[in-house]
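Put together the whole structure using the sequences plus the hints.
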Amino acid sequence: MSEESMTIIVFSGEFDKALAAFNLANTGASMGMDVTMFFTFWGLGVVKKGSLSRGNKGFMQWMMNIMKRGGADHLKLSQMNMLGAGTGTIKSLMKKYKMPSLPESMALAKEQGVRFVACTTSMALMGLEEDDFVGDVDEFVGAATYLSLASEGKVNLFI
Amino acid sequence: MDADHTLDCIGLYCPMPIVKTAQKIKELAPGEVLEVLSDDTGIKSDMPAWAKKTGNEYLGLEEAEGEIKVYVKKPAG
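Read top to bottom, the protein sequences are chains F and C. Each residue of the first sequence is one higher than the one before, starting from 1 at the first, in our numbering. Each residue of the second sequence is one higher than the one before, starting from 1001 at the first, in our numbering.
None of these hints come from the bench; they were simulated from the model. Careful, some of the hints might be misleading.
Stated by the list, open to error - Just the calculated beta-carbon pair ranges, DEER-fashion: (1) C/Asp1004 <-> F/Lys95: 30 to 38 Å; (2) C/Tyr1058 <-> F/Gln79: 33 to 41 Å; (3) C/Thr1041 <-> F/Gly142: 54 to 62 Å.
Claimed, not checked - Okay, derived cross-link-like pairs now, DSSO-like style, lysine-lysine, Cα gap no bigger than 30 Å in a straight line: (4) F/Lys57 <-> F/Lys95; (5) C/Lys1044 <-> F/Lys17; (6) F/Lys17 <-> C/Lys1020; (7) C/Lys1052 <-> F/Lys57; (8) F/Lys76 <-> C/Lys1024; (9) C/Lys1026 <-> F/Lys95; (10) F/Lys98 <-> C/Lys1073; (11) C/Lys1020 <-> F/Lys76.
Computed from a predicted structure; not experimentally measured. The beta carbon of each residue, even a glycine, is placed where N, CA and C say it ideally should be.
Written as structure tokens, this is what we have:
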């Protein structure tokens, strides 16, 4: 068995891009690779809780978090969202073709040992604290941690 | 081809047949053969790639009426 590693920077917070990231993470883990997903900027929305507490968020940060609701089940398509109709259509087509939903893909990734880490700089910018994330996030780290992993990685993706 | 176990992945798309194969192979004894049924043509390229990467042996495929049967062997010992 190979012990190769793979990293994915999840920068985007859209449904389709997150789906691609989780599909590749799950495939990598199935191929015996050590997979780490680094959630940053809009990508934090993927692992953010659906409803957040106000905490110490400033007014602008609070407004931004209200406008950009988090959680794998609340993401929108990057194209053809059409006020949610497009996203709904894709979700029902995925169900029809027995493809796992985004929350299911995320659970599968955890089950397969994929590590989730979140970027602390983006968190500060958006006023997010550790409590604002789902329990699936293993660690809160910076760019040096990512680069140290990526420099050992055979496959490093930015989505 | 004779197999010790069969995994039905009909109706599933990439990466699910591979994910399920990776889970299933853990249950096999060394030297046993797994047959995977799939109708996603991507499997023809994906299964040999997966086997090569994970140290399992890809034995080949049989195809009839849109149904693809692929065979992988868990290495002995």
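Checklist line | Enumerated hints in conflict with the structure, sorted upward | finding: 3, 4, 7 and 8
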